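Peer 1: Here is what each chain is made of, one letter per residue.
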Amino acid sequence: MASTEFDAPREAEELSHHPGPRQYVVIAIILAIVTAAEVAIYYVEALEDWLVPFLIVFSVLKFILVALYFMHLKFDSLIFRRLFIVGIVLAFVVFTIVLLTFFLAPETAGPGA
Amino acid sequence: MATHEAAVTPHAEEHHTSTGLDNVKLAMWAFLGSECLFFGSLISTYLLYRNRTQGGPTPSEIYDIPFTSVSSFVLLMSSLTMVLALAAIQRGDHRGLRAWLLATAFLGMSFIGGQIYEFTTFYEEGLALSKSPFGSAFFLLTGFHGAHVTVGILMLLALYGMSAAGRIPQAESRKVEFIGLYWHFVDIVWIVIFTVIYLIPTE
Numbered sequence: 001m002a003s004t005e006f007d008a009p010r011e012a013e014e015l016s017h018h019p020g021p022r023q024y025v026v027i028a029i030i031l032a033i034v035t036a037a038e039v040a041i042y043y044v045e046a047l048e049d050w051l052v053p054f055l056i057v058f059s060v061l062k063f064i065l066v067a068l069y070f071m072h073l074k075f076d077s078l079i080f081r082r083l084f085i086v087g088i089v090l091a092f093v094v095f096t097i098v099l100l101t102f103f104l105a106p107e108t109a110g111p112g113a
Numbered sequence: 001m002a003t004h005e006a007a008v009t010p011h012a013e014e015h016h017t018s019t020g021l022d023n024v025k026l027a028m029w030a031f032l033g034s035e036c037l038f039f040g041s042l043i044s045t046y047l048l049y050r051n052r053t054q055g056g057p058t059p060s061e062i063y064d065i066p067f068t069s070v071s072s073f074v075l076l077m078s079s080l081t082m083v084l085a086l087a088a089i090q091r092g093d094h095r096g097l098r099a100w101l102l103a104t105a106f107l108g109m110s111f112i113g114g115q116i117y118e119f120t121t122f123y124e125e126g127l128a129l130s131k132s133p134f135g136s137a138f139f140l141l142t143g144f145h146g147a148h149v150t151v152g153i154l155m156l157l158a159l160y161g162m163s164a165a166g167r168i169p170q171a172e173s174r175k176v177e178f179i180g181l182y183w184h185f186v187d188i189v190w191i192v193i194f195t196v197i198y199l200i201p202t203e
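Protein chains in written order, with this note's numbering: chain A, 1 to 113; chain B, 1 to 203.
Derived by calculation from the structure, the hints in this document are not laboratory data.
Bear in mind that the values here come from a model prediction, so they are computed numbers and not experimental data.
Where a beta carbon is used, it is the ideal one built from N, C-alpha and C, also for glycine.
Incorrect hints may appear among the rest.
[As the list claims (entries may be wrong)] Now the stretches of chain B that chain A is said to cover, found in silico as 3 or more residues with beta-carbon under 8 Å: (1) 55-61; (2) 80-94; (3) 123-131; (4) 156-165; (5) 187-200.
[Unchecked claim] Partner residues aside, some chain A positions facing chain B, computed with beta carbon under 8 Å: (6) Pro21; (7) Leu47; (8) Ser59.
[What the hints assert, rightly or not] No more than 20 Å apart at the CA atoms, straight line, and that leaves these computed lysine to aspartate or glutamate pairs for EDC-like: (9) Lys175/B / Asp93/B; (10) Lys25/B / Glu45/A; (11) Lys25/B / Glu35/B; (12) Lys175/B / Asp76/A; (13) Lys25/B / Glu125/B; (14) Lys131/B / Glu118/B.
Start from the sequences, fold in the hints, and give me the full structure.
Peer 2: Structure below.
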């Protein structure tokens with residue numbers, strides 16, 4: 001396989017696009033507010049029917065914010081993003097199939113499942 | 001001249017790669033992608049067995065949501081201190097790096113302390129690893145996550161020691177970035193665990 005030298009200027013350019021401390025603090029404040037909202041709606045009986053969709057949306061939002069800004073996926077090479085997304089999608093598909101299998105044939109998960 | 005450039009340009013040391021990207025960073029992302037499958041298996045096992053309590057405590061009886069919310073907040077904020085440590089070394093602030101690394105390790109230890117307290121309380125209330133499939137799945141999932149956090153704390157303290165010994169120059173900020181990626185991953189896994197295991201109600 002052909003090999004090239006590690007592209008230091010490209011890395012340096014990516015670094016220059018990374019957020020600064022102030023932006024990191026803003027992201028952290030948003031994360032804290034979303035976490036507080038998650039816990040708050042857990043106790044609101046009027047939202048009981050909407051609890052699960054709300055919680056999933058909040059969780060996905062926090063996940064994306066940390067991955068994009070703190071892990072720099074928004075600014076780094078697309079290859080890193082693809083590697084991570086492949087892992088997430090593969091895990092989601094495989095374990096959805098596993099859970100569906102046990103849901104459709106509960107006896108395969110042992111007694112009482 | 002070459003020496004001077006190496007001192008001022010981040011990541012300037014030469015190594016070979018077929019992608020133009022840092023091999024170690026690529027490997028770290030591949031590792032994190034594989035970790036998604038690892039934690040996916042533990043989370044789906046928990047979802048499968050969470051209602052099988054064998055007469056022991058049920059999730060809704062035993063979980064202390066306010067306490068776990070504080071633990072979650074602590075771990076979330078440790079991601080902020082971690083990324084501030086990286087920003088510090090990238091601008092050549094070594095004291096800032098060490099301060100933020102220590103803060104991150106302290107927040108991580110607080111989280112682990114909370115987890116030990118939670119495990120102890122649950123055990124006293126009748127939930128043990130071998131009590132029920134729910135207990136096994138719960139302790140396995142949260143225990144493995146706690147083990148990951150503990151490994152992260154050890155790596156943070158090692159980074160602190162290396163920095164104190166002058167072994168992390170500004171041009172080697174990648175070392176902090178790699179450990180940071182691992183730390184943030186552990187944080188996002190907890191984001192999922194907190195929602196799926198603690199907040200989404202069982203039947």
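Peer 1: Indicate, hint by hint, whether the structure satisfies it.
Peer 2: Outcome of the hint check:
1. Look at the stretch 55-61 of chain B against chain A: 0 of its residues bring a Cβ nearer than 8 Å to a Cβ of that chain, fewer than three, so the hint is violated.
2. With a threshold of 8 Å between beta carbons, the proposed coverage of the stretch 80-94 of chain B by chain A holds, since 6 of its residues qualify and at least three are required.
3. Look at the stretch 123-131 of chain B against chain A: 0 of its residues bring a Cβ nearer than 8 Å to a Cβ of that chain, fewer than three, so the hint is violated.
4. Proximity of the stretch 156-165 of chain B to chain A, defined as three or more residues with a beta carbon under 8 Å from a beta carbon of that chain, is not established by the 0 residues found.
5. Figure legend: the stretch 187-200 of chain B, annotated as covered by chain A; annotation consistent (9 residues with Cβ-Cβ distances under 8 Å, at least 3 required).
6. The beta carbon of Pro21/A comes within 5 Å of a beta carbon in chain B, closer than 8 Å, and the hint placing it at the interface holds.
7. The closest approach between the C-beta of Leu47/A and any C-beta of chain B is roughly 12 Å, which is over the 8 Å cut-off, so the hint fails.
8. Checking Ser59/A against chain B by beta carbon gives a least distance of about 4 Å; that is within 8 Å, so the hint holds.
9. Simply put, Lys175/B and Asp93/B have alpha-carbon atoms about 15 Å apart, close enough for the 20 Å limit, and the pair holds.
10. Annotation: proposed proximity of Lys25/B to Glu45/A is violated, straight-line Cα distance about 46 Å (limit 20 Å).
11. Between Lys25/B and Glu35/B the CA atoms are separated by roughly 15 Å; this keeps the pair inside 20 Å, and the hint holds.
12. Between Lys175/B and Asp76/A the alpha-carbon distance is near 16 Å, which keeps this suggested pair within the 20 Å criterion.
13. Taken as a hint, the Lys25/B and Glu125/B pair is broken in the structure, with Cα atoms around 44 Å apart against an allowance of 20 Å.
14. Between Lys131/B and Glu118/B the alpha-carbon distance is near 16 Å, which keeps this suggested pair within the 20 Å criterion.
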